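2 protein chains.
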Amino acid sequence: MSLIQPRTLKGFRDLMPAQALRRSALVRTVEDVFQAHGYGPIDTPVLEYAEIIKGKMGGEATKELFEFTDKGGREVAMRNDLTVPLARYVAQHEGKLVFPFRRYHIGLVYRGERPQRGRAREFLQCDADLIGPVGAAADAEALIVMADVYAALDVGGVTLRVNDRRILNGLLETLGAADRAEPVLRALDKREKLGDETVRSEMRGVGLDDAAIDSVLAACTPGVDDEATLASLEALVGETEQGRAGIADLRTVRELFEAAGQRPDALRIDPSIARGLDYYTGIVVEAQLDELPDIGSVGGGGRYDDLAGLYTKSHMPGVGFTVGITRLMDALEALGREEETRCTTEALVTFPGAEHLTEAFAFAAALRAAGIASEVYPQRKKHGQQMRYADRRGVPFVFTRNEDGSYHGKRMADGETSTCADASAALTWIQKP
Amino acid sequence: MSLIQPRTLKGFRDLMPAQALRRSALVRTVEDVFQAHGYGPIDTPVLEYAEIIKGKMGGEATKELFEFTDKGGREVAMRNDLTVPLARYVAQHEGKLVFPFRRYHIGLVYRGERPQRGRAREFLQCDADLIGPVGAAADAEALIVMADVYAALDVGGVTLRVNDRRILNGLLETLGAADRAEPVLRALDKREKLGDETVRSEMRGVGLDDAAIDSVLAACTPGVDDEATLASLEALVGETEQGRAGIADLRTVRELFEAAGQRPDALRIDPSIARGLDYYTGIVVEAQLDELPDIGSVGGGGRYDDLAGLYTKSHMPGVGFTVGITRLMDALEALGREEETRCTTEALVTFPGAEHLTEAFAFAAALRAAGIASEVYPQRKKHGQQMRYADRRGVPFVFTRNEDGSYHGKRMADGETSTCADASAALTWIQKP
Numbered sequence: 033m034s035l036i037q038p039r040t041l042k043g044f045r046d047l048m049p050a051q052a053l054r055r056s057a058l059v060r061t062v063e064d065v066f067q068a069h070g071y072g073p074i075d076t077p078v079l080e081y082a083e084i085i086k087g088k089m090g091g092e093a094t095k096e097l098f099e100f101t102d103k104g105g106r107e108v109a110m111r112n113d114l115t116v117p118l119a120r121y122v123a124q125h126e127g128k129l130v131f132p133f134r135r136y137h138i139g140l141v142y143r144g145e146r147p148q149r150g151r152a153r154e155f156l157q158c159d160a161d162l163i164g165p166v167g168a169a170a171d172a173e174a175l176i177v178m179a180d181v182y183a184a185l186d187v188g189g190v191t192l193r194v195n196d197r198r199i200l201n202g203l204l205e206t207l208g209a210a211d212r213a214e215p216v217l218r219a220l221d222k223r224e225k226l227g228d229e230t231v232r233s234e235m236r237g238v239g240l241d242d243a244a245i246d247s248v249l250a251a252c253t254p255g256v257d258d259e260a261t262l263a264s265l266e267a268l269v270g271e272t273e274q275g276r277a278g279i280a281d282l283r284t285v286r287e288l289f290e291a292a293g294q295r296p297d298a299l300r301i302d303p304s305i306a307r308g309l310d311y312y313t314g315i316v317v318e319a320q321l322d323e324l325p326d327i328g329s330v331g332g333g334g335r336y337d338d339l340a341g342l343y344t345k346s347h348m349p350g351v352g353f354t355v356g357i358t359r360l361m362d363a364l365e366a367l368g369r370e371e372e373t374r375c376t377t378e379a380l381v382t383f384p385g386a387e388h389l390t391e392a393f394a395f396a397a398a399l400r401a402a403g404i405a406s407e408v409y410p411q412r413k414k415h416g417q418q419m420r421y422a423d424r425r426g427v428p429f430v431f432t433r434n435e436d437g438s439y440h441g442k443r444m445a446d447g448e449t450s451t452c453a454d455a456s457a458a459l460t461w462i463q464k465p
Numbered sequence: 033m034s035l036i037q038p039r040t041l042k043g044f045r046d047l048m049p050a051q052a053l054r055r056s057a058l059v060r061t062v063e064d065v066f067q068a069h070g071y072g073p074i075d076t077p078v079l080e081y082a083e084i085i086k087g088k089m090g091g092e093a094t095k096e097l098f099e100f101t102d103k104g105g106r107e108v109a110m111r112n113d114l115t116v117p118l119a120r121y122v123a124q125h126e127g128k129l130v131f132p133f134r135r136y137h138i139g140l141v142y143r144g145e146r147p148q149r150g151r152a153r154e155f156l157q158c159d160a161d162l163i164g165p166v167g168a169a170a171d172a173e174a175l176i177v178m179a180d181v182y183a184a185l186d187v188g189g190v191t192l193r194v195n196d197r198r199i200l201n202g203l204l205e206t207l208g209a210a211d212r213a214e215p216v217l218r219a220l221d222k223r224e225k226l227g228d229e230t231v232r233s234e235m236r237g238v239g240l241d242d243a244a245i246d247s248v249l250a251a252c253t254p255g256v257d258d259e260a261t262l263a264s265l266e267a268l269v270g271e272t273e274q275g276r277a278g279i280a281d282l283r284t285v286r287e288l289f290e291a292a293g294q295r296p297d298a299l300r301i302d303p304s305i306a307r308g309l310d311y312y313t314g315i316v317v318e319a320q321l322d323e324l325p326d327i328g329s330v331g332g333g334g335r336y337d338d339l340a341g342l343y344t345k346s347h348m349p350g351v352g353f354t355v356g357i358t359r360l361m362d363a364l365e366a367l368g369r370e371e372e373t374r375c376t377t378e379a380l381v382t383f384p385g386a387e388h389l390t391e392a393f394a395f396a397a398a399l400r401a402a403g404i405a406s407e408v409y410p411q412r413k414k415h416g417q418q419m420r421y422a423d424r425r426g427v428p429f430v431f432t433r434n435e436d437g438s439y440h441g442k443r444m445a446d447g448e449t450s451t452c453a454d455a456s457a458a459l460t461w462i463q464k465p
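For the protein sequence lines, the chains are L and Y, in the order given.
Everything in the first sequence is counted per the numbering used here, starting at 33 for the first residue and increasing by one.
Everything in the second sequence is counted per the numbering used here, starting at 33 for the first residue and increasing by one.
By construction, these hints were calculated from the structure, which means they are not laboratory data.
Since the model is a prediction, treat every value here as computed from it, not as a measurement.
The beta carbon of each residue, even a glycine, is placed where N, CA and C say it ideally should be.
Honestly, I wouldn't trust all of these hints.
Derived DEER-like restraints, expressed as beta-carbon distance ranges [stated by the list, open to error]:
| id | chain 1 | residue 1 | chain 2 | residue 2 | range |
| --- | --- | --- | --- | --- | --- |
| 1 | L | Leu367 | Y | Arg106 | 32 to 40 Å |
| 2 | Y | Ala366 | L | Ala152 | 38 to 46 Å |
| 3 | Y | Asp423 | L | Arg283 | 29 to 37 Å |
| 4 | Y | Glu145 | L | Ala152 | 28 to 36 Å |
With the hints as extra help, turn the sequences into a complete structure.
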């Protein structure tokens with residue numbers, strides 16, 4: 033019989049044991065932080081009615097969907113984010129949920145067929161949202177949870193670059209251009225990549241004059257510090273209600289952030305932050321690693337007015353953010369801060385011969401009962417081969433039965449050895465400082 | 033604009049927050065046990081080439097697949113188990129893996145279009161396997177890990193019903209019917225449901241005489257205790273090598289199981305256990321809850337000779353098992369042993385008015401830093417409404433700022449109250465025995 037070539041689809045990949053272990057530990061850390069703030073998990077299906085997933089999606093995004101007709105004739109699609117499923121979920125279960133509703137969701141999402149090299153078509157998305165309340169307390173909470181997540185991950189300093197959509201809207205209102213917020217945002221989004229001149233010409237194209245464009249660009253440029261930035265923004269938004277509310281809320285958010293014990297300089301008011309998604313209506317945030325700014329945003333989010341308007345008449349404002357699991361894994365690797373652990377086993381008991389196997393099993397079980405992850409080498413092999421196995425896997429301690437029934441312990445890192453009368457002696461040796 | 037009906041596909045479901053929290057805690061417990069035994073996670077894509085997923089799958093199973101042509105023209109399918117992906121994985125990455133290879137994999141699998149009522153089309157599969165070694169030590173390890181998993185989950189006593197395929201094969205060899213192992217197994221599989229007469233008539237159909245059938249049925253009936261069972265099996269398998277090896281290994285497995293500190297009666301030799309899957313070649317096991325035997329098996333597995341023969345010429349024997357996450361969740365619910373936790377928040381600080389909000393944020397952060405999951409109610413609402421929120425979510429402690437700056441603490445379970453000067457006093461009160 034000819035063999036089937038073992039391979040994965042383009043854009044899909046396996047995780048090797050060490051990678052999977054690192055990701056699993058990272059996800060656990062993130063979940064612990066979420067739960068410490070009262071956020072609990074939910075789960076939704078990977079596969080949904082295509083109608084739900086598509087919602088008001090544009091044609092470009094639709095091209096990326098994995099969609100098909102199932103064997104029951106239903107038009108279905110694999111989800112491409114966790115926001116649409118969240119919107120569907122809160123609309124469907126509104127009566128059973130308790131609001132303010134704090135939830136996190138860590139799940140796989142699927143985006144296919146874009147030409148970028150190396151782009152993952154399946155990846156783990158990690159979102160947290162607080163749905164219901166409006167105002168600075170909720171916004172500040174989101175930023176504090178974000179900051180706590182990064183602090184727990186040991187990725188070095190992280191700066192949350194924060195802005196509020198209402199400030200630019202207020203400015204456009206003073207300029208008599210409130211109806212052009214969308215094209216202006218779209219133009220600004222290209223500023224970093226294409227430079228001011230391109231942005232100016234796009235804005236001229238939607239009828240802004242040069243003075244107005246100067247104001248807009250000034251309003252999207254951070255000052256020397258947050259106070260300077262806010263003062264300059266205050267002058268630009270004038271008396272507009274939304275502009276003043278945006279600025280006042282940023283001040284409150286900053287105060288609450290510090291009150292919660294966060295480093296003040298971990299939050300920076302940065303009016304250049306726009307975030308493309310058009311459903312943000314208030315605060316917006318992007319997280320950047322201080323040591324690896326070029327890796328790009330490692331998370332972000334913002335406030336939205338209306339999460340689930342496609343599915344329910346209930347008005348559901350909220351604030352939420354995503355944590356970039358994959359990019360954080362890359363960052364930890366680049367920083368050399370990834371956990372050294374290649375396996376969870378702390379102690380290997382070598383195969384002692386069939387006649388002493390029960391004893392080896394008891395020895396390993398005793399270590400395990402004391403919290404030391406342990407395994408017995410599960411079949412007869414040359415001792416050297418078993419030691420190579422321990423070495424390749426990165427097991428820190430190896431115990432081999434001596435003829436007198438004691439165990440010869442070896443610490444693989446430095447070769448230190450010890451003769452241990454029993455599991456309890458082995459434990460003492462392993463745990464000595 | 034008309035609304036889209038928020039709904040999930042038939043056979044797919046959302047997890048409500050309390051369910052998702054329970055499942056997440058359960059999965060974590062299982063992972064902890066796996067890791068304590070040196071098993072690490074791997075991950076593989078949900079979507080694979082259909083050719084890989086189908087392998088040598090029969091037509092019936094194929095009907096259950098979610099398969100389609102992707103937008104790049106590839107024939108793809110969503111995985112319907114984690115065994116085929118494991119086989120593909122070890123074949124593809126053989127050179128990078130360290131053998132003996134212990135891995136676990138917890139992931140979603142998809143099976144559609146079977147008519148059974150209420151059958152889930154998406155569910156979480158949880159498998160552990162030890163690949164490479166052959167023999168009783170590896171088999172015993174698998175059973176010990178299984179027993180440790182159930183012990184950690186607090187589902188009451190669990191019995192592992194264990195058999196070895198080689199015993200029946202040995203008996204059939206003595207009967208000159210070694211070539212009819214498959215139809216005999218298929219017939220035996222129906223014994224519990226259809227009764228001995230149906231089974232006898234099927235066996236007659238493949239040429240066994242009544243004396244042979246009597247032997248087969250006797251060999252599939254447990255004795256009063258394991259010793260009696262083994263003695264009776266020994267008589268039946270005669271001198272056949274495989275029969276004797278199966279019995280000898282069961283004896284060793286039982287010894288090692290006990291040596292590792294497991295309750296002896298948690299393992300029962302039960303020759304009626306067959307397990308349908310035709311790829312098992314040695315030990316087979318099914319786990320049954322002592323308090324809820326009727327709920328069916330909550331896990332099972334066995335030894336196989338050749339995991340990845342479709343993809344590689346390397347011979348990969350192993351032993352593995354699956355833990356029935358969904359059925360265990362049902363069992364915990366039926367036993368009333370599910371965790372009471374409806375949310376992770378331990379302390380809610382009510383909204384104190386905008387002028388004291390920074391103080392409330394500091395109070396909650398101090399509790400959190402001491403390990404108490406805490407949240408601030410994130411917007412101004414009537415106090416009664418905030419208390420109802422705490423009650424509906426099941427938050428155990430609520431703190432409300434008094435006018436003098438102290439906090440009024442309330443324990444929701446019994447209504448006990450305490451006036452706490454600050455977060456540190458609140459912490460002492462929460463943690464008092």
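Item to complete: If any of the earlier hints don't hold here, list their numbers in rising order.
Response: none
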